[in-house]
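Q: Below, each chain spelled out in residue letters.
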Amino acid sequence: MSTGHSIAAKEFLKNQTYSKWHDATFWAVRSKRDNMAYGLDEWEQLREKASAIKRHTITHLDEYLDQFATKAEENGCIVHWAKDANEFNEIVYGILKNHNVKKLVKSKSMLTEECEMNPYLEAHGIEVVETDLGERIIQLKGQKPSHIVMPAIHLNHDDVGELFEEKLGSEKGNHDPTYLTYVARLSLRNEFLTADAGMTGGNFGIAETGDIVVCTNEGNADMSTSCPKLHIAAIGLEKIIPNYDCLAVFQRMLCRAGTGQPTTTYTSHFRKARPTAHPMHIVLVDNGRSEWIGNPEHWEALKCIRCGSCMNTCPVYRRSGGYSYSYFIPGPIGINLGMLRDTQQHSGNVSACTLCLSCQTVCPVKVNLGDQIYQWRQQLDDFGTANPQKKLMCKGMSAIYGNSGIYNLGTALAHWANIIPSPIINCGLNPWAEGHKMMEFPKKPFHKLIKEIEK
Amino acid sequence: MSNKEDILKRYRANVREKYDMPDLSDIKAITYPDKLVQFIKMTESVGGHVIEVKEGQDINELVKEMYPDAKEIASNLPEVTIATRNPDNVGRARDLNGTDVGIIRGKFGVAENACVWIPQTMKEKAVCFISENLVILLPKSQIVNNMHEAYKRIEFDKEYDGYGTFISGPSKTADIAQVLVMGAQAARSATVLLLPE
Amino acid sequence: MKIGLFIPCYVDVVYPQVGVATYKLLKHLGLDVTYPLNQTCCGQPMANAGFEKQAIPLAEKFEDKFKEFDYVVAPSVSCTAFIKLNYPRLLEGKHECVTSGKIMDVVEFLHDVIKVDHPLGTFPHKVSLHNSCHGVRELGLSSPSEEHVTPFNKIKDLLNLVEGIQVLEPERPDECCGFGGMFSVEETAVSAQMGLDKVQRHMKTGARFVTGPDCSCLMHMAGVAKKQGLNVEFKHVVEILAAGL
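Protein chains in written order, with our numbering: chain F, 646 to 1100; chain B, -1 to 195; chain X, 6 to 250.
Derived by calculation from the structure, the hints in this document are not laboratory data. It is possible that some hints are incorrect.
As the list claims (entries may be wrong) - Straight-line Cα separation of at most 27 angstroms, DSSO-like style, residue types lysine-lysine; simulated pairs:
1) B:K16 <-> F:K1011
2) X:K131 <-> F:K1093
3) X:K58 <-> F:K1089
4) F:K1089 <-> X:K209
5) F:K1096 <-> X:K107
6) X:K131 <-> F:K1082
7) X:K120 <-> F:K1089
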């Protein structure tokens, strides 16, 4: 009864040193989040407000999008609307081509990952340089991110050291993270200075003022947009929020929830291009969001602010890593967004969950992540992606539990399982035996014992 | 029909139940008995430094003391006399590279997280990020408790009205094996000079 | 107050002593307890696997069997939570649903309804408390570590009424044990790793016994512990509360 996830997770866990480090590292981030939460008496109130603001905003999003675009255009920005990933890539390429851009530096944007923008632009002759250190590392290595906030977490300092020796000419054998960060700084500094354009994502778009707000610790979004003369901001529809009063709630929670810091180093508001640059371009991206809002069980996934705290708290993510999931976003939100994207491709992730509900208890905007995973499971049969063995097992259980006579007979015989020889029990057809020693079945079930007690 | 109208129409049609905006006026946001003390504490905890400028003290002398080996100092502030570069009259933003110390003005600080609101007040805002070391002049009475208070009062400059940022400490990353390193792509150090009124 | 005792399928077959302890404890407290015959299952295993419709006939049977009682008490937080949170939806429009309002896990029943505050059994040992996920995040038996709320733990309150006991909590006090129903046979590696990690954290407290309000968690951890040759015992909370009575 294996899935892509369970097979990959098994491999992941074979390296006990690494998988233990991975689990401990993300638990540490979860703990830092806890300290932030315990330090604010208003934390649970903020979560409730954040959830309510999002529910209001995404159900009135057409109005806020209109307001945002109108204001941004009044500010002198050029606003584009992309209905899907392909259109987004075409629009971006068009803008870059019009400005004779050869090299683009960009700060982190999961949206551009979602649209597979980098390979598209590279195929059209544009050099794309990721400037978030984690993203740059995996770009140089030719890998995908394994976490939405810490994309290179699966690599240790030796991995990075060897990579930088090869790609950036760093000192052989010097794998000290401080040194390696400095090597990257020098390399990226050169990229910022020689790039023709800079692209950022957007953590938030403010409808009332037309601001694009970008939060970073590294300052790479600001470096990407302070030297090159063209700034393109890419933002998913659902990132638009009404006004600054709302922004205060989300800004306070984003980094506390995601990395356990009270704030990112930089919270930058881009309203229009700087005077010496070309007008700023903003690309609003749909790519399914206008459909998802109509999904009765799953529309609340649009509340997500991409903080990453659900993955950090997920005991399954911590022990399987981002690459075990088939969707580019892993963990609880990834399972849900993957299903919204493509039920056929990503149904295998839906069983990578014990329904412990830690994710939705931690989520700063109260997305009902675990409840939604339960609901996706109910729909797999309709999608045609239900596991046939599971289906058969459940039919069997149904038949036994549905009939007291059969049940009572079965339970009376259960203790005979105690004498099945070990080689048969552990033969590989019994998945329970992989990780467990079989339980002892007592001679008499409770429903027999009670008769003796009641006498 | 334009893409915009297409998208908005489809979105509107798919929305099911609508929800009201909650009241945000009853948020019991954290406040501090001494905002300045908290601001200083938080700035230090995020890797920044704070120096309280004394009445009559010359900030130019102070900066020279802090960075005796600095060759290039960038600022457009009238009170800064030691600037060797001015972000208002460089040819290109990239010409500010190699700046040892950038001196800029902050409007107010936020106690809960050491953020300083810095609207763009110079032609090339690159000075805020490209400088190796950042010095932020901040009037010490201008500290608010939290971001709710902050977002009620942020303003953009009249001339350079397209950009503003909150900066909290120096740039940093933990992307390599989760080891925290100060100085990622922007300033490697950030010092707030608290100005007396 | 008429109490109907619900003994879930796996408690019936694998841990009947937990059912016995529950019955004896409730009787000891002078309560009117009945165990209606021919119980089977609440339907949670099938529902969590994605076939919740198969729980509907079981829910109908459950309703018919238990609707006359004032409370339905079960020594299982997962089954209790499943019935409470899902039966109203599953039976909507088809069948009257009152048991979802009457079902309580034995811990919350003793703590919130009976409000037991006098000494119970005797168990002079160190125990490590296993805060089962359904108990924490669906039934509110304890404050979730994720939330900033005043800490509380109903299981601990009850256990502290037992003579001689020392109740300890492991690191990561409410991290999942990794059972998750079908998860344990579908994601065998992650499930076993989670189980082992949890057992080791319990053992690190120095306790010889691990106790919790759900036998499925205990069954999973016991299976993992035995396979790894670890010397630790597992008891349902109600067995300890009733110890020596």
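Q: Look at each hint and say if it fits the structure.
A: A quick look at each hint next to the structure:
1. With a C-alpha separation of about 17 angstroms, the suggested pair K16 of chain B and K1011 of chain F falls inside the 27 angstroms cut-off, and the hint holds.
2. Of the pairs offered as hints, the one joining K131 of chain X and K1093 of chain F is violated, with about 33 angstroms between alpha carbons and a cut-off of 27 angstroms exceeded.
3. A distance of roughly 31 angstroms separates the Cα atoms of K58 of chain X and K1089 of chain F; the hinted pair therefore is violated under the 27 angstroms criterion.
4. Simply put, K1089 of chain F and K209 of chain X have alpha-carbon atoms about 35 angstroms apart, too far for the 27 angstroms limit, and the pair is violated.
5. The straight-line distance between the Cα atoms of K1096 of chain F and K107 of chain X is roughly 25 angstroms, inside the 27 angstroms bound, and the hint therefore holds.
6. With a C-alpha separation of about 25 angstroms, the suggested pairing of K131 of chain X with K1082 of chain F holds against the 27 angstroms cut-off.
7. Taking the CA atoms of K120 of chain X and K1089 of chain F, the gap is near 33 angstroms; set against the 27 angstroms cutoff, the hint is violated.
Checked against the numbered hints listed earlier, the structure breaks hints 2, 3, 4, 7; every other hint is satisfied.
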